[in-house]
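Using the sequences provided together with the hints, build the complete structure.
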Amino acid sequence: MSRRFKLKIRAGETFLYRKGGTESQVFEIRMKSSVNYSCLTRAAKLAYKRYPYFKSYFVVESGNVYLCENLFSPPPARAKRLRPLGGSTTNKNLIDITFFRNVIYISFHHAMCDGRGIMRFIKTLMYYYLNFKYPHNNVRIPGVMLAGEGFLKGETADPVNDGDFSFDEENVYKADRTAFAIPEVQSGEEAGGDSWRYELVFDVSEVMKVCRACNCTPAILMTILMQKGVRALNPESTEQVLCSMSCDWRESIGVPNTFRNCVSSIYLPYGEKEQAMDMCELGSHFRQLIARQKETDSARCSAGVMKMMSDMLDSLGTYEKKQEVVTGFTSKPINSFICSYTGKADMGDAEKYIDSMHAYSSGTKGVSLQMMSVGDTFCVDFLQNFPDKLYVDAFLIEAAKQGLRAECSEMIRFRTPKDHTANTNFIKSLIGFFRGVLKLR
1 MSRRFKLKIR
11 AGETFLYRKG
21 GTESQVFEIR
31 MKSSVNYSCL
41 TRAAKLAYKR
51 YPYFKSYFVV
61 ESGNVYLCEN
71 LFSPPPARAK
81 RLRPLGGSTT
91 NKNLIDITFF
101 RNVIYISFHH
111 AMCDGRGIMR
121 FIKTLMYYYL
131 NFKYPHNNVR
141 IPGVMLAGEG
151 FLKGETADPV
161 NDGDFSFDEE
171 NVYKADRTAF
181 AIPEVQSGEE
191 AGGDSWRYEL
201 VFDVSEVMKV
211 CRACNCTPAI
221 LMTILMQKGV
231 RALNPESTEQ
241 VLCSMSCDWR
251 ESIGVPNTFR
261 NCVSSIYLPY
271 GEKEQAMDMC
281 ELGSHFRQLI
291 ARQKETDSAR
301 CSAGVMKMMS
311 DMLDSLGTYE
321 KKQEVVTGFT
331 SKPINSFICS
341 YTGKADMGDA
351 EKYIDSMHAY
361 SSGTKGVSLQ
371 MMSVGDTFCV
381 DFLQNFPDKL
391 YVDAFLIEAA
401 KQGLRAECSE
411 MIRFRTPKDH
421 TANTNFIKSL
431 IGFFRGVLKL
441 R
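Its first residue numbered 1, the sequence shown is counted upward by one per residue in the working numbering.
Simulated from the structure, these hints should not be mistaken for laboratory data. For clarity, every value in this text was computed on a predicted model and none was experimentally measured. Please note that a few of the clues may not be correct.
What the hints assert, rightly or not - For lysine to aspartate or glutamate, the following EDC-like pairs were computed, each having C-alpha atoms within a straight-line distance of at most 20 Å:
no.: 1; residue 1: 32; residue 2: 199
no.: 2; residue 1: 209; residue 2: 278
no.: 3; residue 1: 19; residue 2: 194
no.: 4; residue 1: 153; residue 2: 248
no.: 5; residue 1: 6; residue 2: 162
no.: 6; residue 1: 307; residue 2: 162
no.: 7; residue 1: 209; residue 2: 398
no.: 8; residue 1: 344; residue 2: 297
no.: 9; residue 1: 8; residue 2: 376
no.: 10; residue 1: 352; residue 2: 28
no.: 11; residue 1: 294; residue 2: 251
no.: 12; residue 1: 19; residue 2: 297
no.: 13; residue 1: 294; residue 2: 169
no.: 14; residue 1: 32; residue 2: 203
no.: 15; residue 1: 8; residue 2: 61
no.: 16; residue 1: 401; residue 2: 203
no.: 17; residue 1: 174; residue 2: 239
no.: 18; residue 1: 344; residue 2: 28
no.: 19; residue 1: 352; residue 2: 203
no.: 20; residue 1: 32; residue 2: 281
no.: 21; residue 1: 389; residue 2: 190
no.: 22; residue 1: 19; residue 2: 61
no.: 23; residue 1: 32; residue 2: 407
no.: 24; residue 1: 32; residue 2: 248
no.: 25; residue 1: 6; residue 2: 314
no.: 26; residue 1: 133; residue 2: 351
no.: 27; residue 1: 8; residue 2: 199
no.: 28; residue 1: 49; residue 2: 162
no.: 29; residue 1: 49; residue 2: 155
no.: 30; residue 1: 32; residue 2: 251
no.: 31; residue 1: 344; residue 2: 199
no.: 32; residue 1: 209; residue 2: 281
no.: 33; residue 1: 389; residue 2: 189
no.: 34; residue 1: 401; residue 2: 206
no.: 35; residue 1: 294; residue 2: 351
no.: 36; residue 1: 389; residue 2: 376
Put into structure tokens, the structure is as follows:
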């Protein structure tokens with residue numbers, strides 16, 4: 001990859017063109033001891049050296065957005081509040097590292113990458129940080145990529161351009177996507193405002209014990225508990241409770257190493273048939289549904305949504321038209337709830353130093369379960385556009401029926417900052433305009 005890179009954004013385009021900017025995605029890493037500024041700063045320099053495409057900013061040209069090299073990435077900062085990405089406080093960078101006391105925050109722009117893409121950066125950052133802080137402990141992290149190592153094949157590939165989306169329509173599994181509309185979502189805050197979060201922390205061994213007994217994966221188990229909770233609170237409804245589960249399509253379309261966005265959804269409905277099943281039957285049933293949706297033809301059809309959206313946006317031409325379409329698309333509430341599991345962090349020796357990890361973003365009109373597992377903890381962050389705890393409580397009641405206990409936080413009202421990339425591009429255009437005027441004189 002050339003040091004002077006310029007990568008057009010196609011996969012992840014729906015996170016662009018949003019009026020007022022796009023809210024930061026955040027990975028919050030809670031350490032067991034206070035963060036050392038010097039060690040974190042040295043670690044960040046080496047992490048950016050291994051991942052130069054994360055030392056970058058957006059440039060708008062002819063209505064298209066490009067990821068370009070940023071010569072001046074910001075050092076980590078001690079700060080209570082997150083800083084807007086793409087603005088002056090982050091030197092326009094699309095990743096920002098801040099910390100306060102024992103917590104490290106990694107903010108990133110979702111149009112640039114997804115959770116799997118940023119986790120590679122986080123592993124490298126934590127490897128260097130912990131080895132600088134504890135130089136005699138030889139901290140090892142599985143699969144970590146270090147400064148000086150070459151890129152993986154297709155690491156910077158854009159799935160929309162480089163993915164294989166060919167499939168046989170006759171072999172595509174079409175999931176039933178009709179869904180019960182959660183009333184509190186429809187009447188809650190509009191998209192783009194404050195969000196509310198409840199943190200649930202489980203013991204990972206207890207979660208896995210129930211998973212084995214019920215033939216579930218952790219994501220399937222949490223999905224079932226939520227569906228049962230929604231149904232218990234809305235017993236009069238005859239509509240199915242639908243889970244929209246985030247799914248990574250890298251392997252399916254042939255771009256396994258890309259850092260870019262490569263996620264859409266698979267769907268797990270919970271209707272009368274599913275209500276009649278016991279936990280083991282339901283776990284097996286959902287495994288089968290997931291397997292059918294991950295078969296090559298079905299997977300490529302689902303992943304093709306990324307290409308379809310990007311092609312449609314490309315056809316609109318101007319930035320303003322794209323913004324209008326994306327705003328209409330993102331302002332609609334989601335009837336189903338979202339379940340997103342980044343997977344076990346697999347941080348190796350680093351897990352001894354990490355208390356928990358959390359993933360979140362504000363501004364979505366709906367309910368999302370963001371799950372992270374590291375060391376002995378399994379965390380479920382409920383993200384909502386309304387403050388009521390009723391679905392959290394219903395979820396915990398269903399968890400207790402399976403012998404699962406969780407520590408639940410108080411209500412956390414929060415707002416992750418929107419990016420300032422539009423502002424910086426506006427300023428750049430003004431500078432260009434005045435330079436042109438001066439030349440004419």
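Evaluation of the provided hints:
1. 32 to 199: Holds. Residue 32 to residue 199 sits at ~18 Å (cutoff 20 Å).
2. 209 to 278: Between residue 209 and residue 278 the Cα gap is close to 17 Å, so the pair holds against 20 Å.
3. 19 to 194: 16 Å, holds
4. 153 to 248: 18 Å, holds
5. 6 to 162: 16 Å, holds
6. 307 to 162: 10 Å, holds
7. 209 to 398: 16 Å, holds
8. 344 to 297: With Cα atoms ~27 Å apart, residue 344 and residue 297 exceed 20 Å; violated.
9. 8 to 376: Status violated; Cα separation ~40 Å.
10. 352 to 28: 16 Å, holds
11. 294 to 251: 10 Å, holds
12. 19 to 297: 35 Å, violated
13. 294 to 169: Roughly 14 Å separates the two Cα atoms, so the pair holds.
14. 32 to 203: Distance ~17 Å between residue 32 and residue 203 Cα, so the pair holds.
15. 8 to 61: 10 Å, holds
16. 401 to 203: 16 Å, holds
17. 174 to 239: Given that 20 Å is the threshold and the Cα spacing comes to 18 Å, the pair holds.
18. 344 to 28: 15 Å, holds
19. 352 to 203: At roughly 15 Å apart (the allowed maximum being 20 Å), residue 203 and residue 352 satisfy the hint.
20. 32 to 281: 40 Å, violated
21. 389 to 190: Since the Cα atoms of residue 389 and residue 190 sit roughly 18 Å apart, the hinted pair holds (cutoff 20 Å).
22. 19 to 61: This hinted pair holds, its Cα atoms lying about 18 Å apart.
23. 32 to 407: 18 Å, holds
24. 32 to 248: Between residue 32 and residue 248 the Cα gap is close to 31 Å, so the pair fails against 20 Å, i.e. violated.
25. 6 to 314: 18 Å, holds
26. 133 to 351: Since the Cα atoms of residue 133 and residue 351 sit roughly 15 Å apart, the hinted pair holds (cutoff 20 Å).
27. 8 to 199: 36 Å, violated
28. 49 to 162: 25 Å, violated
29. 49 to 155: Holds, at roughly 15 Å.
30. 32 to 251: Violated, at roughly 35 Å.
31. 344 to 199: Holds, at about 17 Å.
32. 209 to 281: 17 Å, holds
33. 389 to 189: 15 Å, holds
34. 401 to 206: Roughly 13 Å between the alpha carbons, so the hint for residue 401 and residue 206 holds.
35. 294 to 351: This hinted pair is violated, its Cα atoms lying about 31 Å apart.
36. 389 to 376: Given that 20 Å is the threshold and the Cα spacing comes to 26 Å, the pair is violated.
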